[in-house]
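Trainee: Residues per chain, in single letters:
Number of protein chains: 4
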Amino acid sequence: MAGNTFGDLFRITTFGESHGKLMGVVVDGCPAGLHISSNQIQQELDRRKPSSEGFSTARKESDICEIVSGVFEGKSTGAPICILIPNKDQREKDYSELKDKFRPSHADYTYNKKFGFRDHRGGGRSSARETVARVAGAAIAKLILKQFGVSIIAYTKQIGEIALDKPYSEYELSLVYESVLKCPDKPKEEEMLQHIRKIKEEGDTLGGIIECVCTSVPAGLGEPVFSKLNADIAAGIFSIQTVKGVEFGEGFKSASMKGSEHNDVFIMEDSKIKTETNRSAGIQGGISNGMDVFFRVAFKPVSTLMMDQKTIASSGEAVDINPRGRHDVCVVPRATAIVEAMAALVLCDHLLKNQMSKMDSIIK
Amino acid sequence: MAGNTFGDLFRITTFGESHGKLMGVVVDGCPAGLHISSNQIQQELDRRKPSSEGFSTARKESDICEIVSGVFEGKSTGAPICILIPNKDQREKDYSELKDKFRPSHADYTYNKKFGFRDHRGGGRSSARETVARVAGAAIAKLILKQFGVSIIAYTKQIGEIALDKPYSEYELSLVYESVLKCPDKPKEEEMLQHIRKIKEEGDTLGGIIECVCTSVPAGLGEPVFSKLNADIAAGIFSIQTVKGVEFGEGFKSASMKGSEHNDVFIMEDSKIKTETNRSAGIQGGISNGMDVFFRVAFKPVSTLMMDQKTIASSGEAVDINPRGRHDVCVVPRATAIVEAMAALVLCDHLLKNQMSKMDSIIK
Amino acid sequence: MAGNTFGDLFRITTFGESHGKLMGVVVDGCPAGLHISSNQIQQELDRRKPSSEGFSTARKESDICEIVSGVFEGKSTGAPICILIPNKDQREKDYSELKDKFRPSHADYTYNKKFGFRDHRGGGRSSARETVARVAGAAIAKLILKQFGVSIIAYTKQIGEIALDKPYSEYELSLVYESVLKCPDKPKEEEMLQHIRKIKEEGDTLGGIIECVCTSVPAGLGEPVFSKLNADIAAGIFSIQTVKGVEFGEGFKSASMKGSEHNDVFIMEDSKIKTETNRSAGIQGGISNGMDVFFRVAFKPVSTLMMDQKTIASSGEAVDINPRGRHDVCVVPRATAIVEAMAALVLCDHLLKNQMSKMDSIIK
Amino acid sequence: MAGNTFGDLFRITTFGESHGKLMGVVVDGCPAGLHISSNQIQQELDRRKPSSEGFSTARKESDICEIVSGVFEGKSTGAPICILIPNKDQREKDYSELKDKFRPSHADYTYNKKFGFRDHRGGGRSSARETVARVAGAAIAKLILKQFGVSIIAYTKQIGEIALDKPYSEYELSLVYESVLKCPDKPKEEEMLQHIRKIKEEGDTLGGIIECVCTSVPAGLGEPVFSKLNADIAAGIFSIQTVKGVEFGEGFKSASMKGSEHNDVFIMEDSKIKTETNRSAGIQGGISNGMDVFFRVAFKPVSTLMMDQKTIASSGEAVDINPRGRHDVCVVPRATAIVEAMAALVLCDHLLKNQMSKMDSIIK
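Chains as they are written, first to last, in the numbering used here: chain A, 38 to 401; chain B, 38 to 401; chain C, 38 to 401; chain D, 38 to 401.
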């Protein structure tokens, strides 16, 4: 139900298939008067593009977006904003072999069970290509967040077994904008690149971990019970293909800590209430407290291998899947843009919701 | 916005404060004709109750539930089902000291920032007592799931640093029903109990990890894009107080695996399509594939310590918090009932949604 | 789906059956810091009570409400506000004859078709008693609206064939608060009362028309396309039992007017933009323009007659229905409170939604 | 909030401005496996087109629709279906005069108040052109309804003061498909046409009444309390531009009837339970009973006149509006397609919702 819509007040609806005519998004709930240009959206889309380094898909998509509604004379009008991104390099034939075979750890089998049949061209709607529409919609959320000083940055913390070992505060995160692997640690990035190349030669694939850091999030975002800020972020992040885990702050490590080791003590700093440590990841009782909101996301390795695999055909017969199509060895670097997008959508939605938390904010 | 409602088609709305008159839940969307008795709901509530072993809160709540609407002659009528659970042992005065102090890692500060003031009696609505209403509502979801053969069982996998090291398939999970710590591994449970007693004496608290296993989930549940089965489960689980991480299948470990190590190969077994391994945790492309759905949940240690802590008063002044109130040393065992409840709510909601995935299912 | 919840941001969920234990409402989305007392809610409930004049149901309900959550020290906390209203004078036995008979123009047959069976005690949830919960929830909406200066008043414009013939502006509407029939025209009221008494003797029933006037509604409420202010009001009003028609401004009469006769010309008055006439009923393009919002509602006559009627039993057999139970001859006067309630819920919801229409309102 | 989305399970989201690049709709919730062709959608769009008879707008739109997602090999896939309809004959300059003037009874003033500014080109999103997207989306709803045998037909019952005086059952409603004015009464249509021509010469405009009849609606559609079938239909119909009234069955006339005159008595006919009369319009207690569902809709006259009108500029200055643009004298005939569209969307949504009303329907 409404499985293609995300958000309550700031809400996106995406559509389009990997090898259909176009990908698109409708943004509803953007307040009127926001300055919006295609360029700003394009910048976000470019960050999601495959790298030229050879470990990404060879599919070449220019991802040129067009705003077709809701913006007039450079400003949002309050009407729904539709953004279209044509598919240029779709190749239906590459996928004809897959029509009757279930690729291991893909959505082929489950789509067939749910819908009775499926658009088998490149995974149809289960393809990560679908996320281009989210990134376009979230670009507008980011513009709103920017007005409040909120910034979001996601970086590659681990690829395969190669992991950054310092906390995010010890890196210059803005380095990711110039990094092929969106990794702020140059030597580690070099190691990762070599590892990716080796795995690619083997026809195999890799997963990894992304950490996302949201700074200057105003205190008060998130609802106390079901729509906690962390719950909504987790829902958004787990809606990204191949995500297998999400943790905030100390995450799974907190399970083996004692309360006295984990509690964040309140202090005064520059006449403001802060916490001395931030193990809560900026969220207490589901509501932001003004400290950095941060979380880590585990991505499983890409399912499409460049090697033969055994599987079952829809007939039930045992068959082989032979490598075909154009795929990434590791999606983690590109996925940083998608993680940021989902975080931005949630924060923006909660920013709007929070306008109505107190009578004092309404009666102006 | 609607922060106290969970679910789309099968939907609960909870209300009530920890030290108010009662806790309650309205279940809307329960199909008519389901046999429901208070006893069945009571059983679930009893599993959530504090243990008598001394590591749980000393607050004594009988948690007697009453169905006040929506059930007629033992069956659901299609009308909203309201269940009330009176609070018996509320003690407002225990909390008067806390009115103007922000307890570390609690929701006191964030509630004040969001709402301007707060019901400080025992955390008001941020208290884990709120979950009694969820468990009551989810008891009805479980009755529906039972009709489809779905069963859900959550167990204590780790408390503090003491962890079970075998996969769930190697335990007799039904042992949890007789286990104080909801742990199917007797020797480990004994270790855990001793550790809890020791920590209690220190006035400190513990966290832990719960694993939840859902069996006989029909293939086809979950929506392809935003309302993926794993995304909705994660949203439900992260809405539980003190949860810091959720992972499905191999979870964070998958980040360092290769595709060839992680992929689940399809095979035929008893004329049915299955996967040889189940690293996907029964969900592919956001949709259940008929294998077990399972996930792990990290709980941080309880924030309320039985030792003095430093903090800030609403005036901004540095103050001490002295131990008060009646609290658990470790909530993990009791939280198994809550984890099951949230999983049941999500599965039931998706079971209903999936009735409409194909024209063939509708035109009967 | 969610058929018992109304509203998006300011949202009520009602529960309870006519002859069950209690009626209840959960209000979610009330901003924190609103002063609320049971007395204020009680006043609204009292306006909905049966009159003592003999034409109303003889069922005696004190309708004493109790706020059981969400209000602390006299103010809303931002948590869901649950209000319970116990049923005192339920008499299940009066209805046992109706178990297997379908009362004409009641919901008996349709409930059976939809749900397979029904709670036959006094119509269960289809009874107008259900509206007591709406009135309680809407009392809180009215408190919010009051902060913005909005006032809502509904009056009896017609009962049977006896109708008020002047526009509302020519009456002193506040007279309804002292009027048995909620009618501001004393001589007409007397006529109506006599007519009602006569019809009662015949064992028959009456319908009528209510007009509702909302003043000082700020300009800008309502959404341009689907959630137009008039559309949402109509949805709320048609959700009241026995409503058969809703019209705004000139309503059905506008169908035979010419554009030059119907258009409202903009003028300046006291340095404010107004319209010279208000045939648009204060709503243009689905959005309020600052003029009075007003509409009329047609109620069919009550279906329960105090005379024998023919009908069909669930067995398919032709049977007689004999008069039983305690019913109103005409619900119109009592329904004024319900019409106001639904209007208040819609206006309050849109007032909150409109907080986010422009960036300028958000960035303060 | 989500003001551009309609429906819960079968849900459309529309976008696009009257003089922007295109109009579009995303249909989410269409079950997989429905046969869909562009031709079927095109037929519906053609019924909404301006007539060539000279009383409609001179704007020439081919309204060629394109399905760009969600349909594969002629069948719905379960993915969102996006349909685009390019605007061909937009003429921005015609509207430049209107930038700073508020047209009487248009949405110009209210949009400015709500959003701070507006897309003034032909009313932007408040234009009736927006409904082309609804009709496209509803064409898919109609295909689903057809599978259940449901048919919907709306006809012109009145234009200006010229009204059909017989009940719909005495007309051959399918005649509307060949009627310029969508009127099944040939002589009345001739009268209406002459009246329209006369009014056009005067530079004035007309309103009218449409009646919509839905046959073979299965019993059980609609929810008991807030989401009553009539309430949801009314919400959909009042979301159409210029609608001022909606009434079901006897409508406003029922207000002056006695219960004994209005009640529909149940009878057996061909071993089926029916009602002898159908004053309830096929809906009792908010739920369909298997009889025809029918309602009437009042449209005010078109606001754009081909004569000078006085108004106010945004500066506050009194100014004249001179006739400009291309407009209908009377929209009623074209609006029949839109009324049918909204009815189809509601019925289809409730048809899906009703799949889950009973356990018996779910456990197959």
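No lab work stands behind these hints, which were simulated from the structure alone. Watch out, some of these pointers could steer you wrong.
Copies of the same chain look alike in the list, so a pair counts if it fits in one copy or across any two.
Below, simulated DSS-like cross-link-like pairs (lysine-lysine); rule was C-alpha separation at most 27 angstroms, straight line [as the list claims (entries may be wrong)]:
id: 1; residue 1: Lys347; residue 2: Lys225
id: 2; residue 1: Lys203; residue 2: Lys225
id: 3; residue 1: Lys295; residue 2: Lys136
id: 4; residue 1: Lys311; residue 2: Lys223
id: 5; residue 1: Lys237; residue 2: Lys58
Trainee: For each hint, tell me whether it holds in the structure or not.
Mentor: Hint check:
For a Cα distance limit of 27 angstroms, the shortest separation of lysine 347 from lysine 225 qualifies neither inside one copy, at 35 angstroms, nor across copies, at 40 angstroms. For a Cα distance limit of 27 angstroms, the shortest separation of lysine 203 from lysine 225 inside one copy, 12 angstroms, qualifies, whereas the shortest one across copies, 33 angstroms, does not. Taking CA atoms no more than 27 angstroms apart as the test, lysine 295 paired with lysine 136 passes between copies only; the shortest distance there is 26 angstroms, against 53 angstroms inside one copy. Taking CA atoms no more than 27 angstroms apart as the test, lysine 311 paired with lysine 223 passes in neither setting, with 32 angstroms inside one copy and 43 angstroms between copies.
With identical chains, the CA atoms of lysine 237 and lysine 58 are never at most 27 angstroms apart, being 30 angstroms at best within one copy and 44 angstroms at best between copies.
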